[in-house]
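Asks: As a plain string of letters, each chain reads:
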Amino acid sequence: MIKKADIILLILIVAAGLIISFGPLAKKAGGTDVRVTLDGDTYGIYSLAEDRTITIEKDGHTNVIVIEDGTVHMESSTCKNQICVKHGKISLKGDSIVCLPNRVVVEIEGEGGEADVISG
Amino acid sequence: MSSQAKTPRNSDRRTRLLAISAMFAALALIFSYVEVLIPVPVPVPGIKLGLANLVIIIALYRMGFRYAFTINMVRIVAAGLLFSGVFGMIYSFAGGILSIIVMYLLYRTDKFSMVGVSMAGGVCHNLGQLLTACVLLENTGILSYFSVLLFSGLVSGILIGILAYVIEKRLPPFTE
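These protein sequences, in sequence, are chains A and Z. Residue 109 in numbering that gives the first Met the number 0 sits at position 110 of the first sequence; the count goes up by one each step and never skips. Residue 170 in numbering that gives the first Met the number 0 sits at position 171 of the second sequence; the count goes up by one each step and never skips.
Be careful, since some hints might not be right.
No farther apart than 20 Å at their CA atoms in a straight line, the calculated lysine to aspartate or glutamate pairs in the EDC-like style are these [said to hold, decoys possible]:
id	chain 1	residue 1	chain 2	residue 2
1	A	K3	Z	D109
2	A	K79	A	E108
3	A	K57	A	D38
4	A	K85	A	E74
5	A	K2	Z	E167
6	A	K57	A	E74
7	A	K2	Z	D109
Hints in this document: simulated from the structure, not taken from any laboratory. Computed from a predicted structure; not experimentally measured.
For reference, chain Z alone in the conformation it holds in the complex (with noise of 0.2 Å):
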């Protein structure tokens, strides 16, 4: 693997995904971004599209889950010092730790679409959050919002799912 490593085109490769990964991590940035000015039809604090979610997938399908989880763990302190604070920061690691890691081993497992993955990571994330909510805030009572949450957590991953299978699709090769 080291020996490798040096080879020219090793290298080049791993330039071209060091370019492209802080890219990714600059639009999911974008997204977190763009996402707090959606508004969202429903009056429940949490339910969101996800659209960084978007990004992540396509690098993990792309690069692999090491550079997918650096990405999504730059855009969270990045979007969290600029926009949610540090507390929003704590909800964002768990729910982005839980749905990346439950993501990557669907795809994994090789029998999930795109759409399936990204569904269990819409759930899984917004799981993550109320879980961290629980121990936060020492009430267990607010568990009973998961239901809530579960099913807004489906329809964003399946539409998001739907978008990077669309996506991922039309883009050029990363690396030759």
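Just chain A, same shape as in the assembly (with noise of 0.2 Å):
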């Protein structure tokens, strides 16, 4: 009734599914929510679905989130470092984009998800 190549088949199958589940695929879900912090205290939390522009000013500093087809991205920073900018684009739950200078954190929240540990 069952084949050899019944039971090659069934390990191939297997093996693909162990190495998805243990690759980079696996490691971390879609987000679904961006939560922006504007020093230490949340600003506002968009949907990851919705394109959208978030401006955000605060004592003298500009920060522009831009929210684009499922993915966030600091578009522009008036911080010095512009390591921000440069950080690119985030789309998965639990990434993050830290612009330090002007204390603006945009991290991406799945639903689900465990709640990180809030000290201090």
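Take the two lone chains and join them into the complex the hints point to.
Replies: In structure tokens form, the structure reads like this:
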């Protein structure tokens, strides 16, 4: 009833499954929301599915965050090092862009995920 | 071919196959419905037994690709209109078409048993649905979900394959 080719196919499928399970794809799930934190306080939570531009101005600093095609990137920042702008696009749950000089944090959150421990 | 079709014996055969196909489509539709009623012990959407595939595999072995494909399409359209809605229909089409093509190709190599064919069909069905979800939702993150669906498709495919093998042996010949 069961042929040799069946067993080979089974092994191949299981192997593929294991590779996917422990491969890079499985590490992070796609996020659903974007949380923007300013100075340690939540500035706003936005849906990752909706394209929009968020401009944050505080104490003469300006950060422009763009949500586009399910990814987020820092379009521009008035900070000196521009690390946040160079960070590029993020889209996976748990990813974040941090602009330390302007104290802006952009984080991706997903549904059903565990909340990070908030301390201090 | 066309001259053969006019002989009474051949048209009789075709009529029989037509009647059986219609019956199979109805049976597959009922299975699609019954499946919703069977609770799955895992709280993950998309995991199901694939009872309808039982009918499709037997159709593939007994009547060939064209009949099996048509029966599956009729089932998906009917089930879509009755139970799952148009969006569900899109997913079903993707999964159904991919799985039946893969099953047919494996069947044609003549190297696999029904269990192997069904196994591949189950996995491909889930793969097709997941890829469609990626396109429709424009989110590749859900691909991480594939490992779960791969194993569930594998297990249900094996179960359905064994069932199909047992049942197919006991069915009387469709045409004399």
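Asks: Please go over all the hints and tell whether each is borne out by the structure.
Replies: Hint-by-hint comparison with the structure:
no., hint, in the structure
1, A/K3 - Z/D109, "holds, 12 Å"
2, A/K79 - A/E108, "violated, 28 Å"
3, A/K57 - A/D38, "holds, 10 Å"
4, A/K85 - A/E74, "holds, 9 Å"
5, A/K2 - Z/E167, "holds, 17 Å"
6, A/K57 - A/E74, "holds, 17 Å"
7, A/K2 - Z/D109, "holds, 10 Å"
Checked against the numbered hints given earlier, the structure breaks only hint 2 and satisfies all the rest.
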